[in-house]
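A.B. asks: Respectively, the protein sequence lines represent chains A and B. Letter by letter, the first sequence follows residues 69 to 402 in our numbering. Letter by letter, the second sequence follows residues 17 to 343 in our numbering.
Some clues are possibly wrong.
What the hints assert, rightly or not - On the chain B side, residues computed to face chain A include the following (Cβ under 8 Å):
hint, residue
1, Leu-111
2, Leu-176
3, Ala-177
4, Arg-178
5, Gln-179
6, Asn-180
7, Gly-240
8, Thr-272
9, Val-295
It is worth saying that the hints were derived from the structure and are not from the lab. All of these numbers come straight from a predicted model, not from anything done at the bench. Here a beta-carbon is modelled for each residue, glycine too, at the ideal position from N, C-alpha and C.
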Amino acid sequence: MAQTNTLRKPVLVIHGGALHNLPEMYFGPEVQEWKLDGIRRAARAGYAALVADDPQNDADTNAVMAVVEAVSALEDDGNFNAGCGSNLNADGHVRMDATVMNGKNLKCGGVIGVSNIQNPIRLARQVMHKTRHCLLTSKFANDFAEEMGVPFVEEEKLISGRSKRVHHRTLDRLRKEGKELPSIPKIMNEHDTVGAVALDRHGNLAYATSTGGLSCVKAGRVGDSALPGCGGYADNEVGACSTTGSGEVIMRVTVAARAMFNLELGQTPEEAMKNAIQYMVDRIGEFAGGILLDKHGEVGLAASPETNIMTFAVVKDDKIKFGIHPNEPQYEDL
Amino acid sequence: MDKFKSPVIIVHGGASKRVRYVPPATKSAVCKGIRAAAKRGYDILKSNDGTAVSAVIEAVSSLEDNKHFNAGFGSKLNKDRKVQMDAVVMDGENLKCGGAISVSNVANPVQLARLVMDKTEHCLLCSKKAEEFAKEMGVPTVSNDQLICERSVTLYGEALARQNQDMMDTTEKNEEKDDYGDQESHDTVGAVALDRHGNVAFATSTGGLNYSMPGRVGDSALPGCGGYADNCVGAASTTGKGEAILRVNLATKALTLMEAGQSPEEAACNSIKYMLDRVGGYGGIILLDNTGNTGVYCSDNWMSFAEIKDDIVRYGLHPDESKYEQL
Numbered sequence: 069m070a071q072t073n074t075l076r077k078p079v080l081v082i083h084g085g086a087l088h089n090l091p092e093m094y095f096g097p098e099v100q101e102w103k104l105d106g107i108r109r110a111a112r113a114g115y116a117a118l119v120a121d122d123p124q125n126d127a128d129t130n131a132v133m134a135v136v137e138a139v140s141a142l143e144d145d146g147n148f149n150a151g152c153g154s155n156l157n158a159d160g161h162v163r164m165d166a167t168v169m170n171g172k173n174l175k176c177g178g179v180i181g182v183s184n185i186q187n188p189i190r191l192a193r194q195v196m197h198k199t200r201h202c203l204l205t206s207k208f209a210n211d212f213a214e215e216m217g218v219p220f221v222e223e224e225k226l227i228s229g230r231s232k233r234v235h236h237r238t239l240d241r242l243r244k245e246g247k248e249l250p251s252i253p254k255i256m257n258e259h260d261t262v263g264a265v266a267l268d269r270h271g272n273l274a275y276a277t278s279t280g281g282l283s284c285v286k287a288g289r290v291g292d293s294a295l296p297g298c299g300g301y302a303d304n305e306v307g308a309c310s311t312t313g314s315g316e317v318i319m320r321v322t323v324a325a326r327a328m329f330n331l332e333l334g335q336t337p338e339e340a341m342k343n344a345i346q347y348m349v350d351r352i353g354e355f356a357g358g359i360l361l362d363k364h365g366e367v368g369l370a371a372s373p374e375t376n377i378m379t380f381a382v383v384k385d386d387k388i389k390f391g392i393h394p395n396e397p398q399y400e401d402l
Numbered sequence: 017m018d019k020f021k022s023p024v025i026i027v028h029g030g031a032s033k034r035v036r037y038v039p040p041a042t043k044s045a046v047c048k049g050i051r052a053a054a055k056r057g058y059d060i061l062k063s064n065d066g067t068a069v070s071a072v073i074e075a076v077s078s079l080e081d082n083k084h085f086n087a088g089f090g091s092k093l094n095k096d097r098k099v100q101m102d103a104v105v106m107d108g109e110n111l112k113c114g115g116a117i118s119v120s121n122v123a124n125p126v127q128l129a130r131l132v133m134d135k136t137e138h139c140l141l142c143s144k145k146a147e148e149f150a151k152e153m154g155v156p157t158v159s160n161d162q163l164i165c166e167r168s169v170t171l172y173g174e175a176l177a178r179q180n181q182d183m184m185d186t187t188e189k190n191e192e193k194d195d196y197g198d199q200e201s202h203d204t205v206g207a208v209a210l211d212r213h214g215n216v217a218f219a220t221s222t223g224g225l226n227y228s229m230p231g232r233v234g235d236s237a238l239p240g241c242g243g244y245a246d247n248c249v250g251a252a253s254t255t256g257k258g259e260a261i262l263r264v265n266l267a268t269k270a271l272t273l274m275e276a277g278q279s280p281e282e283a284a285c286n287s288i289k290y291m292l293d294r295v296g297g298y299g300g301i302i303l304l305d306n307t308g309n310t311g312v313y314c315s316d317n318w319m320s321f322a323e324i325k326d327d328i329v330r331y332g333l334h335p336d337e338s339k340y341e342q343l
């Protein structure tokens with residue numbers, strides 16, 4: 069395939085989820101270090117795909133490959149609420165949602181409530197490429213995984229130290245609030261949904277979001293991560309977004325769509341993402357974080373004021389800007 | 017004393033591209049059904065404590081009970097010959113919403129959607145767990161056969177035949193040809209309403225695509241796609257090629273255009289044109305702003321609808337061919 073002229077500087081932004089209003093011991097130095105290691109590893113995996121040769125098939129773009137690789141790395145990590153490391157629902161099971169969207173043609177793919185596979189985001193991409201649909205749910209998503217030759221993974225392999233820790237302290241909180249399963253604590257803030265957005269050299273944009281859902285949540289609950297327009301969105305003409313936070317509230321105001329709308333109004337990505345979250349807080353409340361790219365490669369990172377941590381990484385010009393919170397960036401060479 | 021708004025309701029019975037002959041009896045039944053649904057919703061709006069949410073639930077339930085529409089009873093069948101339905105409702109006053117995704121064996125998914133909104137802390141429940149929740153709530157279980165009608169069976173049979181034919185065909189297969197089911201109609205139903213207190217709401221319900229992959233989820237149950245409601249702007253319910261609607265977030269698009277100053281009529285037309293432009297998808301939309309102006313638009317050749325305002329019913333099998341009657 070002939071190389072086109074480089075139109076844009078490739079940019080990759082990833083987030084490892086936002087935590088709000090938590091006691092400090094939930095995200096002590098050790099946890100922070102694990103997350104920072106994980107986010108940098110994912111950044112490198114994603115960026116390698118972003119700057120690689122053009123994909124062999126027409127359906128993919130470098131941007132799509134980049135967000136899928138980055139999010140897969142976070143799914144494999146065990147320290148984030150996605151893939152291995154996922155929260156457990158009220159039945160003690162791992163049920164995951166993931167979506168990916170190609171800003172070039174607005175095609176998207178997603179899985180809702182999928183179990184027993186290592187990388188829901190990879191399956192989401194298969195839905196986008198190998199079916200004429202956008203979303204598959206539950207047992208049927210798993211049937212499709214089998215058709216695609218995706219290996220069956222025992223559930224215990226998807227349950228990491230993180231999964232167990234979060235599960236236990238959620239049960240603790242529910243006990244203190246006098247609630248019984250299935251229920252979510254009054255302020256459910258261990259979200260850790262992961263996501264990525266990318267702009268490739270051809271100007272293609274993409275987003276990917278993946279989650280294990282809320283800890284101890286009612287089985288069958290579907291959050292924002294499974295919904296393009298809520299958990300994320302990508303459109304070459306505008307930008308790409310991925311969100312994390314209070315899933316129901318993000319859905320009710322379609323946060324990702326709102327961020328994209330703000331970009332269309334002429335706001336910078338920083339303003340657009342911040343205002344979308346503020347809009348949500350003003351209309352309803354609760355918490356969210358988000359990453360946003362416009363079509364020129366400008367980056368916006370935003371999180372609700374009570375955010376303790378939102379691990380993130382921005383890769384551009386062979387440099388990584390990363391940190392435990394957008395307000396505390398560190399830098400290193402790739 | 018509060019000044020009450022003049023209530024408005026719009027109901028649609030689904031956008032589709034009808035290529036084959038539709039007998040007059042069917043046309044008549046569809047018109048009758050859509051008007052009845054709108055009237056039932058309107059009666060609620062005119063009553064003392066009638067809310068927009070209750071009105072849209074009533075109207076959509078009426079269409080779910082009617083075999084001529086692809087929702088509830090009369091739903092299309094997926095590849096496994098099973099009925100899998102999606103439904104959602106949203107209250108524009110507080111932006112609360114409730115939805116059921118990929119549910120089987122319930123007669124009125126839109127009522128289940130309301131239970132999700134009112135009785136859980138969540139917005140969406142799916143599949144088996146949504147059905148278990150329905151049972152917990154005392155929603156009666158109905159068999160798959162009770163939801164099937166002759167038309168669904170015929171359409172299913174045709175799709176199966178097309179696939180079998182294709183398998184025997186030794187020539188080069190066209191990738192798009194696995195679209196055996198999607199030859200014709202979509203027929204998702206929906207309603208939007210403005211009540212006397214100025215609250216808006218929407219509800220959408222569907223039996224999905226004919227002969228679709230089991231577990232396929234379309235736009236209908238997704239806020240921003242199958243519909244949206246916000247007292248600050250208005251309400252929308254969409255119908256058509258589900259994947260296309262999802263990809264452009266059609267309901268959000270329409271409301272955004274209204275937020276930017278377009279009338280519901282303009283926003284309805286422009287949002288549908290946008291979907292055609294960007295992703296080549298056809299469909300329809302019903303729109304209300306928060307003062308009661310309406311917009312109904314369809315790029316397919318068929319979308320039964322009925323709109324009631326000031327006791328006048330505007331209805332038809334396509335917005336371009338409206339009839340009127342006085343209530």
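A.B. asks: Minimum Cβ distance from Ala-177/B to chain A below 8 Å?
C.D. replies: violated (19 Å)
A.B. asks: Restraint: Thr-272/B near chain A, CB-CB cut 8 Å. Satisfied or not?
C.D. replies: holds (6 Å)
A.B. asks: Is the shortest C-beta separation between Leu-176/B and chain A less than 8 Å?
C.D. replies: violated (17 Å)
A.B. asks: Under 8 Å, Cβ to Cβ, is where Arg-178/B needs to be relative to chain A, so tell me if that hint holds or is violated.
C.D. replies: violated (15 Å)
A.B. asks: For the restraint on Val-295/B, tell me whether the closest CB of chain A is nearer than 8 Å.
C.D. replies: holds (5 Å)
A.B. asks: Is the shortest C-beta separation between Leu-111/B and chain A less than 8 Å?
C.D. replies: Nearest chain A Cβ about 4 Å off; hint holds.
A.B. asks: Taking 8 Å as the limit, does the beta-carbon of Gly-240/B come near enough to a beta-carbon in chain A?
C.D. replies: holds (4 Å)
A.B. asks: Regarding the hint that Asn-180/B lies at the interface with chain A, is the smallest CB-CB distance below 8 Å?
C.D. replies: Violated, because the Cβ-Cβ distance from Asn-180/B to chain A comes to roughly 19 Å (cut-off 8 Å).
A.B. asks: Holds or violated: Gln-179/B as interface residue toward chain A, Cβ cutoff 8 Å?
C.D. replies: violated (14 Å)
The structure does not agree with the numbered hints 2, 3, 4, 5, 6 stated previously, though it agrees with the rest.
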